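Listed in order, the protein sequences are those of chains P and S. Per the working numbering, the first sequence starts with residue 239, numbered consecutively. Per the working numbering, the second sequence starts with residue 5, numbered consecutively.
None of these hints come from the bench; they were simulated from the model. Just so you know, these numbers come straight off a predicted model, no measurement behind them. Do not rely on the hints blindly, as some may be mistaken.
[To be verified] Below, simulated DSSO-like cross-link-like pairs (lysine-lysine); rule was C-alpha separation at most 30 Å, straight line:
{"hint": "1", "chain 1": "P", "residue 1": "K353", "chain 2": "S", "residue 2": "K153"}
{"hint": "2", "chain 1": "S", "residue 1": "K36", "chain 2": "S", "residue 2": "K470"}
{"hint": "3", "chain 1": "P", "residue 1": "K367", "chain 2": "P", "residue 2": "K388"}
{"hint": "4", "chain 1": "P", "residue 1": "K388", "chain 2": "S", "residue 2": "K36"}
[As the list claims (entries may be wrong)] Here are the simulated distance ranges between beta carbons:
{"hint": "5", "chain 1": "P", "residue 1": "K353", "chain 2": "S", "residue 2": "L298", "range": "56 to 64 Å"}
{"hint": "6", "chain 1": "P", "residue 1": "Q379", "chain 2": "S", "residue 2": "T349", "range": "49 to 57 Å"}
{"hint": "7", "chain 1": "P", "residue 1": "M245", "chain 2": "S", "residue 2": "K395", "range": "12 to 20 Å"}
{"hint": "8", "chain 1": "P", "residue 1": "K353", "chain 2": "S", "residue 2": "V82", "range": "54 to 62 Å"}
Where is the CB? At the ideal position from N, CA and C, for every residue including glycine.
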Amino acid sequence: MITRSRMSVVALLALAILTILNARKHLRRQRRNYRHSKNLAPETEAIQIRAIEKDIQQFDIKDQDTLGYIDDYAYDRDLVADRFELLSKGAGPFPLLLQYCIAPKALIPGRRTEKVIGRFIHKTEGPIKRMQRQGYEIEKQLPSGLFLFKRRR
Amino acid sequence: MFALIILLLLVPVLLGFLVIQSLYPQLNRAFKWALAPGIGVGLSSSLFFVSLMIFGEAGPLCLTLELGVMATAAVVIVRRAKEETPGLPEFQKISWSKLHIILALLFLTLFVLTFTSSVYQGLSYPHGTFDAHAIWNVRGKVLALSGEKWPESFSRGLLFHPDYPLLIPGANARIWGIIGEQPPYVPLLNSSLFYLSLLGVFVLCVTALRGFGTGMMAGILFCGSPVIVEVALEQLADVPLACFMLSTLVLFTLQDKTPDHSRLSLLAGVTAGLAAWTKNEGILFIAVVAFVRLCVLWKRSGFATVVKQGSRFFLGCLPFLILLIVFKLQYAPPNDIVSGQSSSTLEKITDPDRYLMIFTVLGRRIVYFGGGQVGVLLILFGCVVIFGGSKDWNKSTILSAVGIIGLMALGYFIVYLTTPRDLDWHLKWSIRRLMLQLWPCLQLVCFLWMKSVAEVEESVLSSFEKTEGSASEEELN
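Same shape as in the complex, but just chain S (with noise of 0.2 Å):
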């Protein structure tokens, strides 16, 4: 049983290689790799609930979808055989120094920390938080044993929250649909599995982009922020989140690097559409990062660009796009945060007691944020300020990046201010989640932003330098 789950686990993975493979040879192998388990899970998701609405049930008919995509990958694929494909971002030979090894090794050391604290939190909590069995998980069950009536599990109001989206549900369903039973590690091998494609992808972008040094202390600081692999196996879906709007984030980051190489937007199309099939959250970020895009494209490229670029995005997101409509329309009921605004809501946005609560709630959040001994926000900022800007960053990456995470909080900030529910209720049960969502992506633009690793190493070394230079003219004089 459990060799078919680990095969049914693996069927993703590889769809989502070949998808990427198909859609963008050119992409660096090990970034298709760190790529596929996130898009793949998503894509298996969707055609689950595609066949969901086909066949009436889930079960192995799913598997048939996903082999015919496969099958017409592989066949893009062949065609564009001849294709050169010279593997973008190219990463730079790795100089072994002893600050680069002792840097892989401290990375290292945290992952395997990471990794023995994630098997003990799987065998304490093997079926996740109270949220992964009210939410994901019952929602999953229902749709693998309901047969043709899944349906109606929505509309009877059953379940929590019935209009959140159904990737996760729907990865989980898919495997215990086929496999006929319900074990309880399928969503903590499906959630380590998002946690290790944001790992890879995290790394691997600023590996390319600001060198081996730097990617390794990239990689120090993800693993050093318990909360990730925490909150990964705790069954929720915020980690996939995480890990779909990081990919759309790196997607964008490399398409500002090789502007003429359109189809990484159609890329980030796919990841930002996955991401709104996630979590509602998804839908924002779809909208935010269109909105950025378009200003900061047509101010620094023009009109040109942004037409074929939002073109390939919207291509992207738009299979999604439908499959999330058809959901929302047909089988959820409305959210309960959009329907329970009514006319004190103008009374909530002119309150200053909400605005002080939230600034407090986030102030302390801030300081303690990571889940460890050291809030891991406070030790980004000090490398920042210490670390400083580089030279060489685009600014158009950064922009952009900037102005999506500053968005999504704002919009987040903007939902607590105008909830229907408790407050502080509110405040306690998402805030952490939420400030998750984000962290990779504002580790990514700082990991960007700031001076790498090896133009620290140049400038101590000049230092240095110049401190003998001028001790032995002192001894001269």
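Just chain P, same shape as in the assembly (with noise of 0.2 Å):
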């Protein structure tokens, strides 16, 4: 006869089996994300960052009352859509990619971003629209393809 005490042995049986399972499954997944995060940036994305950097090093960044910084690169790409919603809100440019990221301090209270760098490698259209209906024009695009904007006067 089975009695519950027995059950109780295969419960606990069974706790151990379904949680490595679930711990299994857990680290398999994020195996495969950091093998997707890594694909993010191949060889191409990386010179392109490189000439990035390079456009950028003729701005003064710590000349934070004049610059912002806008991206659509995403660790997670789905976000991009999210992100120029921000913008189109008002926002002011927003971070995301941290390392290149001077966002943080166009969002500083009494500075006024003058010019807006915008990395948009996945749409160019719809930011430049939403850019300008912010009341930025485009000065001119960088080398690297990085887009310029002033504010209108």
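The two chains are supplied separately, each in an independent frame; assemble them into the complex guided by the hints.
Structure follows, in structure tokens:
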């Protein structure tokens, strides 16, 4: 006869097996994500990032009063649309790829963002139109493909 | 730089330990170290906000306040050094039976698996998920970089949910402000501290009260719920909130075991106050805890106990409530869910489709909750049904905890019912995190209520003896 106490031993065994299955599935998912995130920045993109760095060097990024930054590079690319949405709400340049990010400084009160660097990998027209609606116009396109916007007077 | 950051992370842990030691030296040392990261980071974040209000900008000045609190705590500890410190709750001596060894090895294996996947997650998403950079981390950066104009960030409508309390942004901004840079791994390390604190408090509490085997079993289920570590490393505020909520329940559990030690209620007040300083759900938590404890204590122990423990609890919450009130009244705009209520709220409450939608999503989430192959709620439920209730569970502890979890769930349900946002969207993006907030507390209640592993071992042995006895009787006949 199966008593409750024997069932408890079976339950303990089941607990162990099921939780290990859970942890194993999670580990596999995270490893897959890791491999995927590494593939997001292949060689060509690394070259492009270096070009961007070179372009950005011509600006004084410490001049926080005048410079902002927006890009659509994201670890999770679905976020791009949300971030443009933020821009159209007036949040100004918004941080994501933080190693290049000047954006938090543009959020600082009392500082007017006169110029914004835009890096639009996925879409171009939509973001530019949004920037224009925000009172910016394209000043020029930099060699790396970055857009330099300035505030319309 | 990395060494400096680690040092700056260790300061709050020491701060937490010293404060706990000064408030309640009788607590077992392992418990103190498990509670210290959560309480310490919470305290240092609160002190950072105070220093921001006093000195006007982030920087090393907040360390002065931290050192001041540590020195005060140290003086109290030295003065009380002669008092006896028995180390409550006492842990039973571990008997290394085969079952205990297997359970301990399983727990270790699961911890290693969890640690490995957390490393991968940290490398894949160093900035956390969208809510982390859109809400929590960007606010930390604004606090660290804005100088004396930081209050304007909350009033200019530039931030998402500017009314959210500041424990997590403050904890990150404190380090970013001191070192003058904003490396992305600071929030990751802070989140990891909260995860470890949560795990430590949970496993230690179950081990102390239900024995080593059950403690390991609890650890196995905790590490076998990948959703906890996943959300922790998403750098959101839900795991810190869960940590403070669980710590409060654990401290009340210990309080019920030692009713004379009302300083445990003081510590529980501190953790509940920090929960309110972490997320708006924490404010509901304080109200629910106060109400449930009042009802349960009044019925079981009388008015004098209510006053004694209640006043200590309130005293513990008070500093954080003051901080929260100052922030909400002085700096933060009104909460979007509260200010979004209108005459349509009544229509929403009477709309059966909304109930159906909430229960459908909840039902689906219950089955799959946990972030793994099998829903961990179902695993826990199965264990509870099969193990059955223990004989020696403390009625007021279980009643309090069930009441707190139930009312919190009801509160969340009402928020969903009346939300001014699109209900489908709101459920989709938050129900997993709200369930996570209550999950460690629910696990604790179940492990305190059901039979311990030692009890199961005993009953298995006795059932074998009975079977053997009846078999030998049959042979004799």
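To see whether the hints hold, each was checked on the structure:
1. P:K353 with S:K153: It holds: about 21 Å lies between the C-alpha atoms, which stays within 30 Å.
2. S:K36 with S:K470: violated, 44 Å
3. P:K367 with P:K388: holds, 14 Å
4. P:K388 with S:K36: violated, 56 Å
5. P:K353 with S:L298: 56 to 64 Å: Cβ of K353 (chain P) to Cβ of L298 (chain S): about 59 Å, so the range 56 to 64 Å holds.
6. P:Q379 with S:T349: 49 to 57 Å: holds, 50 Å
7. P:M245 with S:K395: 12 to 20 Å: holds, 18 Å
8. P:K353 with S:V82: 54 to 62 Å: holds, 58 Å
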